[in-house]
Amino acid sequence: SQQGEEDPQALSIQEGENATMNCSYKTSINNLQWYRQNSGRGLVHLILIRSNEREKHSGRLRVTLDTSKKSSSLLITASRAADTASYFCATGGIQGAQKLVFGQGTRLTINP
Amino acid sequence: DAGITQSPRHKVTETGTPVTLRCHQTENHRYMYWYRQDPGHGLRLIHYSYGVKDTDKGEVSDGYSVSRSKTEDFLLTLESATSSQTSVYFCAISAGGEFYPVETQYFGPGTRLLVL
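Chains as they are written, first to last, in the working numbering: chain X, 149 to 260; chain W, 2 to 117.
Hints may be right or wrong, so weigh each one.
Quick list of in silico lysine to any residue cross-link-like pairs, SDA-like style, CA-CA up to 20 Å [as the list claims (entries may be wrong)]:
| no. | chain 1 | residue 1 | chain 2 | residue 2 |
| --- | --- | --- | --- | --- |
| 1 | X | Lys174 | W | Glu60 |
| 2 | X | Lys204 | X | Gly188 |
| 3 | X | Lys247 | W | Leu115 |
| 4 | X | Lys218 | X | Arg208 |
| 5 | X | Lys247 | W | Pro19 |
| 6 | X | Lys174 | X | Ser199 |
| 7 | X | Lys247 | W | Leu117 |
Treat the hints as calculated values from the structure; they're not laboratory data. It should be emphasised that the depicted structure is a prediction, and the values quoted were computed from it without experimental measurement.
With the sequences and hints as input, model every part of the structure.
Next up, the structure:
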């Protein structure tokens, strides 16, 4: 069964605006990751946040993690047309093999 | 980009025929994974490997088998393809060394499989 549930399923904003996507999960995790997928391509790792971290930044990306609410958010600031893609959260549990469980994704469209 | 290739990139086959998909990496990473991606389901783990000849099942392993005889190659076999196995298949790798974050996975470009 799916662990992560993304919200919203689709988001359309104007270039320059900020985009926020949310992810909720059900069980305890060791880390939570966000990936981007451009149409017809493989997934690209964006950022990883560990269960003992609350916030992490990478360029225009900001990720928060609230383990008490079992939720995470991804904020993309000053969006660009090139940010148009699907974004997936993935939760990591088991050590070593690091099996990830992916959500269904948020389809983000940046309008010029 | 991580050195991961998948072959074939596209395949059309008929129900009941065997199909083998190949994932090849040049990174010498310990862990390799096979996922399938379907609309409304995100990515689901089929099988994974934690070393040569060491494999285990994922969430949706029924109808699939895997083999890993070399570090660089991870094969996914559909013994008798069914229409429900029409999907996009992704291979991923992750490192297991002390200098790399084990958790991050790097994905191949995918294989589109259509079973008629």
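Hint-by-hint comparison with the structure:
{"no.": "1", "hint": "Lys174/X <-> Glu60/W", "result": "holds (16 Å)"}
{"no.": "2", "hint": "Lys204/X <-> Gly188/X", "result": "violated (28 Å)"}
{"no.": "3", "hint": "Lys247/X <-> Leu115/W", "result": "violated (26 Å)"}
{"no.": "4", "hint": "Lys218/X <-> Arg208/X", "result": "violated (23 Å)"}
{"no.": "5", "hint": "Lys247/X <-> Pro19/W", "result": "violated (27 Å)"}
{"no.": "6", "hint": "Lys174/X <-> Ser199/X", "result": "holds (14 Å)"}
{"no.": "7", "hint": "Lys247/X <-> Leu117/W", "result": "violated (31 Å)"}
Against the hints set out earlier in the document, violations occur for numbers 2, 3, 4, 5 and 7.
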